[in-house]
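Trainee: Chain residues, written in single-letter form:
There are 2 protein chains.
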Amino acid sequence: MKVEVIPSIHEAVADQFAGKTAIVIDVLRATSTMVAALAAGCKGIVPVETIEQAKKAQAPGDLLGGERFCQKIPGFDLGNSPLEYRRDIVGDKIVVMTTTNGTRAIQTSLQAETILAGSLLNGAACAAKALESERDIVILCSGTNDVFSLEDGLCAGLLAAELSRLASVPPDFNDVGLAMMYTFERIRDNLTEAIFGCSNGKRLSRLGFSQDIVYCSQVNRLAVVPEFCMGVMKQH
Amino acid sequence: MKVEVIPSIHEAVADQFAGKTAIVIDVLRATSTMVAALAAGCKGIVPVETIEQAKKAQAPGDLLGGERFCQKIPGFDLGNSPLEYRRDIVGDKIVVMTTTNGTRAIQTSLQAETILAGSLLNGAACAAKALESERDIVILCSGTNDVFSLEDGLCAGLLAAELSRLASVPPDFNDVGLAMMYTFERIRDNLTEAIFGCSNGKRLSRLGFSQDIVYCSQVNRLAVVPEFCMGVMKQH
Numbered sequence: 000m001k002v003e004v005i006p007s008i009h010e011a012v013a014d015q016f017a018g019k020t021a022i023v024i025d026v027l028r029a030t031s032t033m034v035a036a037l038a039a040g041c042k043g044i045v046p047v048e049t050i051e052q053a054k055k056a057q058a059p060g061d062l063l064g065g066e067r068f069c070q071k072i073p074g075f076d077l078g079n080s081p082l083e084y085r086r087d088i089v090g091d092k093i094v095v096m097t098t099t100n101g102t103r104a105i106q107t108s109l110q111a112e113t114i115l116a117g118s119l120l121n122g123a124a125c126a127a128k129a130l131e132s133e134r135d136i137v138i139l140c141s142g143t144n145d146v147f148s149l150e151d152g153l154c155a156g157l158l159a160a161e162l163s164r165l166a167s168v169p170p171d172f173n174d175v176g177l178a179m180m181y182t183f184e185r186i187r188d189n190l191t192e193a194i195f196g197c198s199n200g201k202r203l204s205r206l207g208f209s210q211d212i213v214y215c216s217q218v219n220r221l222a223v224v225p226e227f228c229m230g231v232m233k234q235h
Numbered sequence: 000m001k002v003e004v005i006p007s008i009h010e011a012v013a014d015q016f017a018g019k020t021a022i023v024i025d026v027l028r029a030t031s032t033m034v035a036a037l038a039a040g041c042k043g044i045v046p047v048e049t050i051e052q053a054k055k056a057q058a059p060g061d062l063l064g065g066e067r068f069c070q071k072i073p074g075f076d077l078g079n080s081p082l083e084y085r086r087d088i089v090g091d092k093i094v095v096m097t098t099t100n101g102t103r104a105i106q107t108s109l110q111a112e113t114i115l116a117g118s119l120l121n122g123a124a125c126a127a128k129a130l131e132s133e134r135d136i137v138i139l140c141s142g143t144n145d146v147f148s149l150e151d152g153l154c155a156g157l158l159a160a161e162l163s164r165l166a167s168v169p170p171d172f173n174d175v176g177l178a179m180m181y182t183f184e185r186i187r188d189n190l191t192e193a194i195f196g197c198s199n200g201k202r203l204s205r206l207g208f209s210q211d212i213v214y215c216s217q218v219n220r221l222a223v224v225p226e227f228c229m230g231v232m233k234q235h
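Sequence lines, in order, name chains A and B.
Per numbering that gives the first Met the number 0: the first sequence ends with 235, consecutive numbering throughout.
Per numbering that gives the first Met the number 0: the second sequence ends with 235, consecutive numbering throughout.
Same shape as in the complex, but just chain A (with noise of 0.2 Å):
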């Protein structure tokens, strides 16, 4: 089984999906935020680019999330931080959700058969998950306005290191997805400092957002895989 790592969406092109299982990985904050939501009871969520597409998506009873330059949007439920998204307030709900580098992952990799979302809360689930369609592999790190970002890094080689100790015969990686491997082998025991360390969890911090880093930052914690079906991303 080949497992690819592609390190940005800027690297990434719509026909290496074809036919594999595709996980899309955005640490901070989409994808931690959707698997939390999941975890928490939410229904589904319907991942949208626009405002506008997430204000028409909405049905009676949903819920508008998402952000835009790190912060909620106005007039939306919710932002993008994982824990807003308590059993009280998304529990049997959808949330139409809107982020800038998440949403972008998955339409970018729309061309796969599977989509599953991945984060390092769920790093041994989701490749648990993947290895059962038995298909080659790739993993999208959403990054940062077409830049590589550690945390999307980190959590490809989590996902890495799991597929290589799950998997019956050793994946065939390439050399991104080495390095990443090697990356999170490093830095597994200081993830959060290291996280920290990095230019969104700079971000982050200095926007008021560090319990957000320190909860994305645990691994293997949640067992949900969000994964892409009809528009939305629910636990199957």
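It should be emphasised that the hints constitute simulated quantities derived from the structure, not laboratory data.
Be aware that one or more of the hints could be misleading.
[Said to hold, decoys possible] What follows is a set of in silico ranges between Cβ atoms, one per label pair, in the way DEER data are often shown:
no. : chain 1 : residue 1 : chain 2 : residue 2 : range
1   : B       : R202      : A       : P169      : 14 to 20 Å
2   : B       : H9        : A       : K1        : 28 to 34 Å
3   : B       : E131      : A       : S167      : 26 to 32 Å
4   : B       : G230      : A       : L109      : 43 to 49 Å
5   : A       : D145      : B       : R187      : 29 to 35 Å
6   : A       : K1        : B       : S163      : 32 to 38 Å
7   : A       : S209      : B       : R85       : 53 to 59 Å
8   : A       : R187      : B       : D145      : 27 to 33 Å
9   : A       : P169      : B       : G230      : 44 to 50 Å
10  : A       : V168      : B       : Q217      : 30 to 36 Å
11  : A       : Q52       : B       : E51       : 49 to 55 Å
12  : B       : K42       : A       : E112      : 53 to 59 Å
13  : B       : K201      : A       : A58       : 50 to 56 Å
[What the hints assert, rightly or not] Calculated Cβ distances over 12 Å to all of chain A for the following chain B residues:
no. : residue
14  : P59
15  : D61
16  : L177
17  : T191
18  : Q210
19  : Q217
20  : G230
[Unchecked claim] EDC-like cross-link-like pairs, simulated, lysine to aspartate or glutamate; straight-line CA separation at most 20 Å:
no. : chain 1 : residue 1 : chain 2 : residue 2
21  : B       : K42       : B       : E3
22  : B       : K201      : A       : E133
23  : A       : K201      : B       : D171
24  : A       : K201      : B       : E3
25  : A       : K128      : A       : E112
26  : B       : K201      : A       : E3
27  : A       : K42       : A       : D171
28  : A       : K1        : A       : E133
29  : B       : K42       : B       : D91
30  : B       : K1        : B       : E131
31  : B       : K201      : B       : D145
32  : A       : K92       : A       : D76
All values derive from a computational prediction rather than experimental measurement.
C-beta atoms are modelled at their ideal positions from N, C-alpha and C, and glycine is treated no differently.
The hints should help you fit chain B onto chain A, whose structure is shown.
Mentor: Then chain B, alone, in the frame of chain A:
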């Protein structure tokens, strides 16, 4: 001081280099060969893009070197193996050299104030030389056909680690730089093995160049730092 690592030529933009010190890396094998050649007494390397340009640039007494698809070019004096560039062959000579990715990396970084050639062989010396300028540093991994190569990333990581060690104020790395430093730190005691396991390592060993991989994966063995000046890579 800012230190930006660019993972492949595909990711590089010419004006990112303006006013900065560039370090170009092509561990397998162009920059390793340049370092080995100058250490063996070669007077200078003239990097050019095409075979045609190499023949035109050759003055009486100059040698022609380089590769296409990893192999020596018919009619040329030397291939792209550092082990060929021995004192009895290249001593006091100029070598006009055409390689696929290394030369493109130099072309891409032409707006830099200074262009140095980095490899695992001369990592510490190269980092020290780059710091002398007190300018921001851009480290360009050549990669292979626009795709990231692990061995170049490991070299970028070595340079990042050496810059951290040598700089009086801790450098400010971009996220790729941090990831490559962690990758290098994870694998520094098994560098040769890791390079044999990556894409170019596998290809070169299949083609019979295993000795080149062993040679090029030696860390800080040589103190030579090729610098690009008036079309020639030489020791200053």
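Trainee: Check the structure against each numbered hint from earlier and tell me which ones fail, lowest number first.
Mentor: 2, 3, 16, 21, 22, 27
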